[in-house]
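**Student:** Next come the chains, spelled out residue by residue.
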Amino acid sequence: MDSVINLIYLAASVLFILGIRGLTHPRTAVRGNLLGATGMLLAVVATLLDQEILGSGGQAFGLLLGGVVLGAAIGATLALRIELTAMPEMVALLNAFGGGASALVAGAVLVGATDPPAQTAVATVASGLIGSVTFWGSLVAFDKLRGLLLPDRPVLFPGQQALNGLLALAALGCGVMVVSEPGSIAFYAGLVGIASVLGILLTIPIGGADMPVAIALLNSYSGLAAASTGFVLNNNILIITGSLVGASGLILTRIMCKAMNRSLINVLVGAIAEASVSKSDADAIYAGRVKSTSAEEVAMLFDGARRAVIVPGYGLAVSQAQHQVRDLANLLESRGVEVEYAIHPVAGRMPGHMNVLLAEADVDYDKLKEMDAINPSFEQTDVSLVIGANDIVNPDARTDPGSPIAGMPILNVDQSRTVVVIKRSLSPGFAGIPNPLFAADNTLMFFGDGKQAVLDLIAAVKEAD
Amino acid sequence: MDALIPLLTIFMLAVFVGFEIITKVPPLLHTPLMSGSNAISGITIIGAMLSVASSSETTTILGFLALVIATINVVGGFLVTHRMLGMFRKKD
Chain A
1 MDSVINLIYL
11 AASVLFILGI
21 RGLTHPRTAV
31 RGNLLGATGM
41 LLAVVATLLD
51 QEILGSGGQA
61 FGLLLGGVVL
71 GAAIGATLAL
81 RIELTAMPEM
91 VALLNAFGGG
101 ASALVAGAVL
111 VGATDPPAQT
121 AVATVASGLI
131 GSVTFWGSLV
141 AFDKLRGLLL
151 PDRPVLFPGQ
161 QALNGLLALA
171 ALGCGVMVVS
181 EPGSIAFYAG
191 LVGIASVLGI
201 LLTIPIGGAD
211 MPVAIALLNS
221 YSGLAAASTG
231 FVLNNNILII
241 TGSLVGASGL
251 ILTRIMCKAM
261 NRSLINVLVG
271 AIAEASVSKS
281 DADAIYAGRV
291 KSTSAEEVAM
301 LFDGARRAVI
311 VPGYGLAVSQ
321 AQHQVRDLAN
331 LLESRGVEVE
341 YAIHPVAGRM
351 PGHMNVLLAE
361 ADVDYDKLKE
371 MDAINPSFEQ
381 TDVSLVIGAN
391 DIVNPDARTD
401 PGSPIAGMPI
411 LNVDQSRTVV
421 VIKRSLSPGF
431 AGIPNPLFAA
441 DNTLMFFGDG
451 KQAVLDLIAA
461 VKEAD
Chain B
1 MDALIPLLTI
11 FMLAVFVGFE
21 IITKVPPLLH
31 TPLMSGSNAI
41 SGITIIGAML
51 SVASSSETTT
61 ILGFLALVIA
71 TINVVGGFLV
81 THRMLGMFRK
91 KD
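Chains A and B, in that order, are what the protein sequence lines are.
Position one of the first sequence corresponds to residue 1 (this note's numbering), numbered consecutively onward.
Position one of the second sequence corresponds to residue 1 (this note's numbering), numbered consecutively onward.
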């Protein structure tokens with residue numbers, strides 16, 4: 001029977017791999033996700049055939065059924081009711097549950113085991129440590145994204161790194177004790193407690209705009225926790241699946257760091273918060289050079305335009321203007337303007353955030369262009385419309401080696417004939433630095449709320465008929 | 001130690017497979033990739049099931065808690081990914 005179960009696990013692992021491969025193209029993605037879900041169903045059914053479960057009697061079956069029904073009801077409610085603009089929060093929550101489940105299972109196995117081999121104990125420690133850090137770190141990320149208790153900005157205090165170091169050492173100490181005295185659950189409880197505090201303290205210094213990195217990294221952790229639990233249980237499918245997810249999260253983390261030209265360490269300690277710029281710098285750049293514009297003026301620009309590029313940022317998600325932006329784009333297209341969207345990898349609060357937002361508004365995915373693909377075309381663009389973005393279009397990153405964001409790859413909107421920036425005020429973005437783009441000769445500032453501004457633009461373009 | 005080698009082998013090979021496939025996922029689909037891969041990391045659910053069936057009461061309780069949150073992870077993850085992917089359309 002065991003070999004039958006393991007063969008089914010193997011089939012499920014293959015389905016997981018094929019499922020993720022399906023995500024390499026939007027055409028095959030839905031089928032890929034279904035393949036993954038089928039693999040999961042197979043794995044769960046195969047587990048029901050396990051001796052331990054078959055021989056455990058009615059009470060265990062009742063608990064299994066109850067647990068699955070409860071979890072499925074909560075999961076389905078969350079998945080179907082959450083607004084799509086809250087997807088970063090949803091992913092943070094899912095990361096938390098994945099990590100938490102791994103830490104719990106490792107603990108459960110430790111309690112039930114009599115004299116486990118050292119290998120199992122070490123894996124239990126890894127699972128408890130990574131799982132707890134993931135659980136609490138993800139809950140902090142969720143809280144920051146929702147703006148509940150903690151501020152969006154980095155929370156820093158003196159001695160933070162030293163405290164984290166001490167906690168990590170204490171956690172390791174507990175880990176060593178778990179391995180040498182696996183019979184006592186107290187050390188595992190201590191390990192989980194310390195790792196939980198560590199998870200919170202490691203995530204509070206990460207600022208809002210760095211959330212894409214934090215979420216990707218926590219995603220990777222939740223995979224690694226599952227893989228460690230696989231070592232605890234001697235179970236191949238957990239190891240395979242966990243390492244796939246671990247690798248996925250790590251790749252995304254690297255892409256996000258590269259897109260900000262920052263090291264992972266630099267993001268994790270919230271270092272960009274130190275790069276504060278005095279108000280006089282901002283005045284020197286903006287004074288007398290910023291040109292404010294009106295909807296009518298922008299409508300006239302569009303009237304003579306052949307090509308327009310829309311550049312969305314986090315501000316678009318905040319003002320929920322994606323449907324209005326799509327309406328504007330459709331209107332412009334109906335008047336013969338070629339419209340595309342320029343998506344910066346770290347625009348928003350999680351990898352791919354802007355793509356989901358615009359897909360929700362029914363924007364054709366072929367129009368969503370990656371940074372490297374669209375950058376060469378800005379020189380042939382008549383109007384670039386920047387909505388709620390700041391640092392990712394700051395030309396200082398290209399031209400000023402002393403800037404805190406020097407070397408960060410940006411969208412070269414400043415090369416287009418005219419740039420229109422929809423923004424509430426001249427307040428700085430996450431990096432806390434002024435943006436010379438706003439004072440450039442070819443830039444017009446359209447001050448206002450994102451959604452209202454786009455609605456005004458639509459009205460003005462229609463008026464111009 | 002002997003038991004560890006095959007597990008480590010599988011781990012390393014799976015990491016490489018992961019790197020190979022996932023570098024091919026376009027940025028367009030990075031959010032569904034995260035939620036979808038998250039759903040499959042809910043595979044811990046099978047560990048939770050085995051713990052629930054254990055004869056030790058503490059193990060059963062911890063296993064039950066793990067079962068509930070792992071199921072949230074699995075069901076929530078696959079469903080929300082499905083919902084998102086349904087919106088990535090090509091208009092013609």
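Some clues are possibly wrong.
Stated by the list, open to error - From chain A, some residues computed to sit far from chain B (all C-beta separations above 12 Å):
(1) Gln-51
(2) Leu-70
(3) Val-109
(4) Gly-147
(5) Val-176
(6) Glu-181
(7) Met-256
(8) Met-350
(9) Pro-401
As the list claims (entries may be wrong) - Facing chain A, from chain B, some residues (calculated, C-beta under 7 Å):
(10) Ile-5
(11) Thr-9
(12) Leu-29
(13) Met-34
(14) Ile-40
(15) Val-52
(16) Leu-62
(17) Val-75
Hints are computed from structural coordinates only; laboratory data are not their basis.
All C-beta atoms, glycine included, are put in the ideal place defined by N, C-alpha and C.
**Student:** The structure should be examined with respect to each hint, and the outcome stated for every one.
**Tutor:** Hint by hint, here is what the structure shows:
1. Gln-51: Since the minimum Cβ distance to chain B is about 9 Å, Gln-51 of chain A lies within 12 Å and the statement is violated.
2. Leu-70: 5 Å, violated
3. Val-109: The assertion about Val-109 of chain A is violated, with a minimum of 6 Å to chain B.
4. Gly-147: Answer for Gly-147 of chain A: holds, closest chain B Cβ roughly 20 Å.
5. Val-176: Non-interface label on Val-176 of chain A holds, nearest chain B Cβ at 19 Å vs cutoff 12 Å.
6. Glu-181: Nearest chain B Cβ is 17 Å from Glu-181 of chain A, so the label holds.
7. Met-256: Given that some Cβ of chain B is not farther than 12 Å from that of Met-256 of chain A, nearest at about 9 Å, it is violated.
8. Met-350: The claim breaks: Met-350 of chain A does not keep its Cβ more than 12 Å from every Cβ of chain B (closest is about 6 Å).
9. Pro-401: 27 Å, holds
10. Ile-5: Cβ of Ile-5 of chain B sits 10 Å from chain A, so the hint is violated.
11. Thr-9: This hint is violated: Thr-9 of chain B lies away from chain A, its Cβ roughly 10 Å from the closest one there, beyond 7 Å.
12. Leu-29: 5 Å, holds
13. Met-34: Status holds, d = 5 Å.
14. Ile-40: 5 Å, holds
15. Val-52: 5 Å, holds
16. Leu-62: 4 Å, holds
17. Val-75: 3 Å, holds
Of the numbered hints stated above, those contradicted by the structure are hints 1, 2, 3, 7, 8, 10 and 11, listed in ascending order.
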